[in-house]
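Participant: The chain contents come next:
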Amino acid sequence: GENVEQHPSTLSVQEGDSAVIKCTYSDSASNYFPWYKQELGKRPQLIIDIRSNVGEKKDQRIAVTLNKTAKHFSLHITETQPEDSAVYFCAASTAYKLVFGAGTILRVKS
Amino acid sequence: DSGVTQTPKHLITATGQRVTLRCSPRSGDLSVYWYQQSLDQGLQFLIQYYNGEERAKGNILERFSAQQFPDLHSELNLSSLELGDSALYFCASSVSQGSATGELFFGEGSRLTVL
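As they're listed, the protein sequences go chains A and B. Numbered according to this note's numbering, the first sequence spans residues 7 to 116. Numbered according to this note's numbering, the second sequence spans residues 35 to 149.
Source of the hints: derived by calculation from the structure; they are not laboratory data.
Below, computed lysine-lysine pairings styled on DSS-like, alpha-carbon distance capped at 25 angstroms:
1) A:LYS43 <-> A:LYS64
2) A:LYS64 <-> A:LYS115
3) A:LYS74 <-> A:LYS43
4) A:LYS28 <-> A:LYS48
5) A:LYS77 <-> A:LYS63
6) A:LYS63 <-> A:LYS43
7) B:LYS43 <-> A:LYS43
8) B:LYS43 <-> A:LYS48
9) B:LYS91 <-> A:LYS77
10) A:LYS28 <-> A:LYS74
11) A:LYS48 <-> A:LYS115
12) B:LYS91 <-> A:LYS43
If the Cβ cut is set under 10 angstroms, some of the chain A residues that face chain B in the computed set are:
13) GLN12
14) TYR38
15) PRO40
16) ARG57
17) ALA101
18) LEU104
19) PHE106
C-beta: ideal position from N, C-alpha, C; glycine also.
Generate the whole structure from the sequences, applying the supplied hints.
Facilitator: This is the structure:
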């Protein structure tokens, strides 16, 4: 089945710096790659997603890139702010199953 | 508010017991997903239903079962509970017609503590 690996597990950045989180997936049939943000004690919420027919997608300070050949995708957050502090999960989907990575704890220091 | 309702929010029980977690999806969503989130763990996919039918299974233990009813609400049954079953159980729904290629809307979760 699908396996998603996510790195790093913890990331600390200074406010205003960029943050990059990387994920790899195992199933070449995966065609949908969302990113979810989970604040402490809250539910996960979708922040951006990308489909397999697109290489890059951007939404304000957040961007996601996808390399289908290498089977990896990344989340880029620019100009980080304290409210970006949270756990970020990548995921990959094949048909009916959405499999999540282990998560990255992002801490933005002000 | 995601529109997905989960009950109960908190549940404390003893080893060997059985519990039922309930989920009402967003209005109009036919797909329901169940995930388990243990301490320091990611979101482990358990099972997905679409319009009453099981569509995909993940790492769901044999002691666990689920179903989706005609009114589209879903229940996750956990039996012969062990200490390791203590976790936050999330339900999510999606408008996607059975495939997991659209946004999932998560409920607030049901926190299960097994003593």
